[in-house]
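In this note's numbering, the protein residues as written are 350 to 710.
Quick caveat, the hints were computed from the structure, so don't treat them as lab data.
Treat each hint with caution, since some may be false.
Pairwise CB distance ranges, derived in the manner of DEER restraints [stated by the list, open to error]:
#1 A454 - Q370: 17 to 27 Å
#2 D422 - L569: 19 to 29 Å
#3 L580 - Y413: 38 to 48 Å
#4 N494 - R610: 46 to 56 Å
#5 E566 - S368: 14 to 24 Å
Don't be surprised by glycine CBs; every beta carbon is placed ideally from N, CA and C.
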Amino acid sequence: MKANLLRDEQTIHLAPSASLQFNRWFWQELSGLAKEVKGILGEDLIAVVLGGSYGRDDGSVTSYKGHEWPCNDVDLFLITTTAFPRGMQDLRELGRAYKEELGIAVDFARPQTLRMVRKWPCTLLWQELALGHRVLYGPRDILLNHVPDRVFQPLPVVEASRLLLDRGAGLVWARRILEETDPCPDPAFVVRSYYRCAQAIADALLIAHGRYFYDPEERLQRILSLTPDHLILRETGAFWLLQSGIAFHHAPESAGTINLRSCEKLAIVWLKAFLWIESARLGENFQDAAEYAACPRRREEHEEGVWQCIAANLRHGRLHWENPREQLYRTLPPAIDAMARDNGMFPGAGAAALAAWRQSQ
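Build out the structure end to end from the sequences listed, making use of the hints.
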């Protein structure tokens, strides 16, 4: 799989559906951004790596007044000589400036040293970055030379659960916005959260079956071939979920209106997929969200070391050894269930789940 890491530098298609002129312009903008990052971090910087949709050459554009504009977030990963380079506050200011210029979020992940890269575990984040990225500044084979082989192995099933937790929280947030409980971060947030959650259900089931692959068209073919023999894929409509998520990704302006009923229907499917995956992963047979939430077992008992959990808690100003995701595992399924049932329990359950999700980030 490592052979896929290096791609032709002469063929830049960050957004394959966009014009050649857009791709050239956008590449120049991002290259200029990387140079400014170098100016801020100086000798602490080794490389600026573009991940996300644009890094995988799978980005999208939207049309406004006859012009093409990017519509996906820009996800930037920094390879540095130290885990705590000077100038990170200036980078956040730079990201905000480019957000104003490009009209999309520009996010900098926590800096990674080469030693940290060599210790990467096999997670969805690191695998997708390793298999689909563009180097904006620095040696173009920086990841090829340092990413460990384990990153390219089939993803562990816990990655399916984590993906559903993240996108399920987005669905809860979208529902609260539709109810006017929370303000809307941006005009497309609700519809984007809905389709991301829909696609995540299909992707999580592929991960659980050991068949996930970063290329979306290949994932469609894999679900199509698996569906006849796997009841959960038929019951959730996984192929349609993935197909609709991909279609939205490439043409967000063509998406229909998302309402409360849309969220309720998707919540039913999310819960079915989540309980199936967690039952298989934990060797249980969870029948509903209440039974799952009441289960006393730790959900990621063997996934994170104590020091990793302490560090994650310290980022939120807490001194605690428990994995911050544990509370999310227990609060999100009941919130999704309350959304699906529309039983009046959602306001409190949704607020608790979102609070747990924010603490887990």
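Evaluated hints:
Between A454 and Q370 the CB atoms are about 23 Å apart, so this pair conforms to the stated range of 17 to 27 Å. A hinted range of 19 to 29 Å holds for the C-beta pair D422 and L569, which are about 23 Å apart. The hint said 38 to 48 Å for the Cβ distance between L580 and Y413, and at roughly 44 Å that hint holds. Look at N494 against R610: about 51 Å separates their beta carbons, and that is inside 46 to 56 Å.
Checked against the hint of 14 to 24 Å, the pair E566 and S368 passes, with Cβ atoms roughly 21 Å apart.
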